[in-house]
Amino acid sequence: MRVITCVFTEHNLWLVLLAGCLCVAGSMATVRLWNRSLAASGRSQVDWSLLTGVTAGASIWATHFIAMLGYQPGVPVTFDPQLTIVSAVVAMVGSTLGFWISTSQRRALSQFVGGSTVGLSIAAMHFVGMFAYRTDGIVVWDSAYIGASIALAAAFSTGATIAVQSRTGRLAKKKTACATVLLVTAIVALHFTGMAAFSVTPLAGVSQGADSAAFGAMAMAVAAAAVLIILTGVSTRLIDDRNRARSQEELIYIATHDELTRLANRRQLGEELRQKFEEGPSEQNAQFGLMMIDLDRFKPVNDTLGHQIGDLVLQRVARRLERTLEQGDVLARFGGDEFAVILAECHGDQHLCSRGERVVDLLARPMVVQGHLIELGASVGVALANRDGAAPGELIQNADIALYAAKAAGRSTFALYQSSMSEEIQIRRSLEADLRRAVNREEFEIHYQPQVDARTGTYTGAEALLRWRHPERGLLSPAVFIPLAEEIGLIGAIGNRVLRQACYDAVSWPPHLTVAVNLSAVQLLDRRLARFVRNTLSETNLPPHRLELEITETSLIGNDLQALAILNEIRALGVSISLDDFGTGYSSLSYLHRFPIDKIKIDRSFIERAPDDVDSGSIIHAIAQLGASLGMKITAEGIETDAQWHFSRDGGCDQLQGYLISKPVPLGELTKLFEASVTPRAVA
Amino acid sequence: MHRLVYMSDLDPVRTPIDVGDTIQEIARKSAIANARNSLSGVLVYVNGTFIQILEGARENIEETFELICCDPRHKQIRVIEFEPIKSRLFAEWTMGYLGMSAAPTHIRENVNLQEIVFKMDARPMEALRQLRLLMDAEEFAGTGRTGRDDDELEHLTLGR
Chain A
1 MRVITCVFTE HNLWLVLLAG CLCVAGSMAT VRLWNRSLAA SGRSQVDWSL LTGVTAGASI
61 WATHFIAMLG YQPGVPVTFD PQLTIVSAVV AMVGSTLGFW ISTSQRRALS QFVGGSTVGL
121 SIAAMHFVGM FAYRTDGIVV WDSAYIGASI ALAAAFSTGA TIAVQSRTGR LAKKKTACAT
181 VLLVTAIVAL HFTGMAAFSV TPLAGVSQGA DSAAFGAMAM AVAAAAVLII LTGVSTRLID
241 DRNRARSQEE LIYIATHDEL TRLANRRQLG EELRQKFEEG PSEQNAQFGL MMIDLDRFKP
301 VNDTLGHQIG DLVLQRVARR LERTLEQGDV LARFGGDEFA VILAECHGDQ HLCSRGERVV
361 DLLARPMVVQ GHLIELGASV GVALANRDGA APGELIQNAD IALYAAKAAG RSTFALYQSS
421 MSEEIQIRRS LEADLRRAVN REEFEIHYQP QVDARTGTYT GAEALLRWRH PERGLLSPAV
481 FIPLAEEIGL IGAIGNRVLR QACYDAVSWP PHLTVAVNLS AVQLLDRRLA RFVRNTLSET
541 NLPPHRLELE ITETSLIGND LQALAILNEI RALGVSISLD DFGTGYSSLS YLHRFPIDKI
601 KIDRSFIERA PDDVDSGSII HAIAQLGASL GMKITAEGIE TDAQWHFSRD GGCDQLQGYL
661 ISKPVPLGEL TKLFEASVTP RAVA
Chain B
1 MHRLVYMSDL DPVRTPIDVG DTIQEIARKS AIANARNSLS GVLVYVNGTF IQILEGAREN
61 IEETFELICC DPRHKQIRVI EFEPIKSRLF AEWTMGYLGM SAAPTHIREN VNLQEIVFKM
121 DARPMEALRQ LRLLMDAEEF AGTGRTGRDD DELEHLTLGR
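Line order of the protein sequences matches chains A and B. Numbering-wise (this note's numbering), the first sequence opens with residue 1 and increments by one. Numbering-wise (this note's numbering), the second sequence opens with residue 1 and increments by one.
Source of the hints: derived by calculation from the structure; they are not laboratory data. Do not take every clue at face value.
Unchecked claim - Below, simulated DSBU-like cross-link-like pairs (lysine-lysine); rule was C-alpha separation at most 30 Å, straight line:
| hint | chain 1 | residue 1 | chain 2 | residue 2 |
| --- | --- | --- | --- | --- |
| 1 | A | 672 | A | 633 |
| 2 | A | 407 | B | 29 |
| 3 | A | 299 | B | 75 |
| 4 | A | 633 | A | 663 |
| 5 | B | 29 | B | 75 |
| 6 | A | 299 | A | 175 |
Unchecked claim - To be clear about the criterion: a stretch of chain B counts as covered by chain A if any three or more of its residues have a C-beta under 8 Å from a C-beta of chain A, and this derived list gives those stretches:
| hint | segment |
| --- | --- |
| 7 | 28–41 |
| 8 | 76–86 |
Claimed, not checked - Over 10 Å on every C-beta distance to chain B, these chain A residues come out as not near it, computed from the model:
| hint | residue |
| --- | --- |
| 9 | 24 |
| 10 | 89 |
| 11 | 240 |
| 12 | 297 |
| 13 | 316 |
| 14 | 320 |
| 15 | 323 |
| 16 | 361 |
| 17 | 362 |
| 18 | 447 |
| 19 | 455 |
| 20 | 504 |
| 21 | 554 |
| 22 | 604 |
| 23 | 630 |
In this text the structure is predicted, and so the values were computed from the model without any measurement. Ideal Cβ positions, reconstructed from N, Cα and C, are used throughout, including at glycine.
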């Protein structure tokens, strides 16, 4: 056949071989880039199509050019430079367009139009290239072969497009190979059929064209350039692949790790627990454990020093916790200031205890961050897998309950889960919830216990005592709920309300009577206290000298300077300060001296034992004398018998309070008592 | 530049039996570490109580102190002082060491040392000055000062 004859007789077969290799290599690269274009979306689809088109165009053109260099028509030959370049551009632009169309979602459009465009641009490139091919001879074109060549190019290119797009069926598995083969066939078929359409007869006596050695050199140069372009295309694809793999890895890392501390996050912890449960016990038959860690004083640090320091502290905590880990453990940040550790192997409760202690101890040690000395402390709850929980959710819940117990036990300690805890925690948690509701629902009541002058027996005032009327449990005394209120931060709200109510009530009493209100340690350290007292006094119109605030010695310990400043502010308003429960606990005489105290209330334990117990009696005397010499009033609490009344009065006490005078009563009854204005007991 | 002074108690459970040697080893190791980041200071050990002083750039002190805090061999770490300073008190030692001496001639120095430990809580500045004087006193040569008498560690001192 003409085509085959043409190949073998009219071509330098080495250059044909070179062209062929280039064609195959280029097509392989093109198809890979083509795959990438189809997988891309949006704007990058255009970009990838362009890259594919340039690579394809370069390979096709180089193939053609080198093949032409290898064509030996027997006449001198030159190449028109401009048209040669135009043919290269046609190849690149045309195929880019074709590839881009092939990325369309509409199958008919992408496959037939796209494929044909690619094929047609190959053909266009070839024939423009042929126009660039100047021979000294008479050129004759066979239009049948021209038509055939174009048809073949379009057909095989369309076939390649269909192959590249296939998703299902036998074709899909080998789609890259098929597409490559089809594309190569398109190019080769076009070229040789196109060459078969071309014949030239020599003209005698015309100048020589370039010689074959020069052509050989040109061929190498073109091949080199084409290879470079192909390699660029391939390496772009490889770089892209590597980037995508890396960003995939990064995404996984981000999804499973906490950004600040670089520890595993809560979700990852859940996943690890699930795996641990599936694995079962270790070779030594040891179970694994879960430790929940909560920082004790993180919130104040965050509030006073700011979030930047707070973040640094969390990072420091994470690094410290890492020191406590053993082989196989997993440390995670559970959120906020909570951490969790999966203890890979636990050999009994003793081991669990030592692990818990290790963490508590390490986090109790001070740390210096950006020049700030920080003492945190941590509460730790520990639970053992399968004994304390058979699934991740249960184990976490019970370790959490143990953590709660540790906090309730005073913090900076650890606790092992015990099944009884669940119930206790439930009770405490429901009490907490009830307390919060009580604040909103006004379930609190104030009862008043009157105080009398020890000598005359006339009323001098009353102490306000808080009661909680719980819907199910009835009237609860402060001892039950005040500590809890302090812990959960409700004491401020409750205390303020009591103060306001007491002042309001006192205004309705005879004007010489005072009202005494208890302050908790937490309230005393609030810098806003003095301001609040001042506002309350002015709102209720209660003269300051009628208000007494009672504090206990324990609230002064360790917080001297702060408390002193606040008490001085309050004193400056005209309000008087009483020291309650005097004689118990950390009685320190220096407090009497340093703090602005107006009244001492002797603790009921001494009164109870007097006058029978001589020592108690002596103490009462001593306190009374001390108070008198310091200019302070003395109140005796817990007067229940006449003997106690007489003893206290004779011992030097100024005021008395107790069941003998009156139990704590609601406002209505108190007002009646005051109005009756009857001396409660005639003094003997 | 800052100075950090802290006191702590030896944890007998987690420290090996030959306490004296261990502590000198600690001082030696910290002298080497401190040379690298221009820290100076002194380690004092008396009857189960440590006092350690670190002087230098704030970040370096913080880094070193973190390691110290995490060391299980001592406990009850309490920071006495952490202040910015104009000049070092113990510039000649990357980590000097003072401990009680068994030698009978050193009774006065031993008493002095105990006094310093006692005072450090209430009057740190006074105690530090007293300590400095003690470090200078020649008669104390035998109690294992690192960085001065020890030839092989000569090059670790910050220059005198």
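Hint check:
1. A:672 to A:633: Judged against 30 Å, a Cα distance of about 27 Å means the pair holds.
2. A:407 to B:29: Given that 30 Å is the threshold and the Cα spacing comes to 39 Å, the pair is violated.
3. A:299 to B:75: holds (25 Å)
4. A:633 to A:663: holds (22 Å)
5. B:29 to B:75: Holds, at about 19 Å.
6. A:299 to A:175: violated (61 Å)
7. 28–41: Coverage by chain A is violated for the segment 28–41 of chain B (0 residues, Cβ < 8 Å).
8. 76–86: As far as the segment 76–86 of chain B goes, the hint holds, because 4 residues have Cβ atoms under 8 Å from chain A.
9. 24: Check passes; 62 Å lies beyond 10 Å.
10. 89: Holds, since 61 Å exceeds 10 Å.
11. 240: holds (42 Å)
12. 297: Consistent with the label, residue 297 of chain A stays out of reach of chain B, its closest Cβ about 16 Å off (over 10 Å).
13. 316: Residue 316 of chain A not clear of chain B: closest Cβ-Cβ about 7 Å, inside 10 Å.
14. 320: Since the minimum Cβ distance to chain B is about 6 Å, residue 320 of chain A lies within 10 Å and the statement is violated.
15. 323: Non-interface label fails for residue 323 of chain A: nearest chain B Cβ at 6 Å, not farther than 10 Å.
16. 361: violated (7 Å)
17. 362: Answer for residue 362 of chain A: violated, closest chain B Cβ roughly 6 Å.
18. 447: holds (45 Å)
19. 455: Holds, because the least Cβ-Cβ distance between residue 455 of chain A and chain B comes to about 47 Å, which exceeds 10 Å.
20. 504: holds (47 Å)
21. 554: The claim stands: residue 554 of chain A keeps its Cβ more than 10 Å from every Cβ of chain B (closest is about 23 Å).
22. 604: About 38 Å separates residue 604 of chain A from the closest Cβ of chain B, which puts it past 10 Å; holds.
23. 630: Consistent with the label, residue 630 of chain A stays out of reach of chain B, its closest Cβ about 28 Å off (over 10 Å).
The structure is inconsistent with the numbered hints 2, 6, 7, 13, 14, 15, 16 and 17, although it conforms to all the rest.
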